[in-house]
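With the hints as constraints, model all of the structure from the sequences given.
If you're matching positions, the sequence shown starts at 1 in the UniProt record's numbering and goes up one per residue.
Because the hints were derived from the structure by calculation, they are not lab data. Treat the hints with caution; some may be incorrect.
[Claimed, not checked] Simulated crosslink set (DMTMM-like; lysine to aspartate or glutamate; CA at most 20 Å straight-line):
1. K84 - E161
2. K84 - D186
3. K158 - D176
4. K139 - D123
5. K182 - D166
Since the model is a prediction, treat every value here as computed from it, not as a measurement.
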Amino acid sequence: MSVALWFCPAPGTPAYETLTLLIQSLQTLFPDSPVFEPHVTVVTNLSAPNTDEVNKILMSCVAAMNSIKSSLIDDGTPLITFQKCSIGRTFFKKIILECQLNSYLISIAQIMREMFVESDQDDSIRREKASNWVRDEFKPHVSLLYSEISRISPAFSKTIEQRIEDTLDVRMTLVDGSLNPKWEFDRIPANISWGIPGVFKVVRCEGPIEEWEVLGATTI
1 MSVALWFCPA
11 PGTPAYETLT
21 LLIQSLQTLF
31 PDSPVFEPHV
41 TVVTNLSAPN
51 TDEVNKILMS
61 CVAAMNSIKS
71 SLIDDGTPLI
81 TFQKCSIGRT
91 FFKKIILECQ
101 LNSYLISIAQ
111 IMREMFVESD
121 QDDSIRREKA
131 SNWVRDEFKP
141 HVSLLYSEIS
151 RISPAFSKTI
161 EQRIEDTLDV
171 RMTLVDGSLN
181 PKWEFDRIPA
191 NISWGIPGVF
201 KVVRCEGPIE
211 EWEVLGATTI
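Structure, rendered in structure tokens:
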């Protein structure tokens, strides 16, 4: 993952406080798991060798958001919304909220990928690679639990479901009852949706999670 670009709800907002509460609540079920800040990873493997490059990434985020700000306001739709939750197999996706894709979020991810990940390619190749990546690999989400546990039991799944329902004030319907369950919400939970204000962070994700380093941040 190395250096990643996160988009976080602004501290003090309902989305930040609610997601933080939910992450902490689920962590109590798995005490060996870490607590972390709620975020959507926009892109990973950024080229950010120095402070100037970090600032350039953040300035590009501001420019991208400013270009869609009026449209977001006119549409009245937050940039980040959720209608599904799932339990996965991997450490970083043990429990996630799946973002609803929209053209604004896709555009920002593609621009950042093109400018700061595929930056050593020719323009046409860079655009094509970024476009293919966002189409085939971009799966934005907010993680609620990082855990090494290999399988979450049905009893724990039920407890997880109840805590999410209570915190988000939604009802969840099981749409995949396999070993890795997936639920849909009966409505989009407003208390965890966000866009503006939000915070972009460039984060060095190396080593233990408690050693991850925020290299720079900007609030939109």
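Evaluation of the provided hints:
1. K84 - E161: Answer holds: K84 to E161 is near 12 Å, not above 20 Å.
2. K84 - D186: Holds. K84 to D186 sits at ~9 Å (cutoff 20 Å).
3. K158 - D176: holds (14 Å)
4. K139 - D123: The given pair, whose Cα atoms are some 24 Å apart, is violated under the 20 Å limit.
5. K182 - D166: holds (17 Å)
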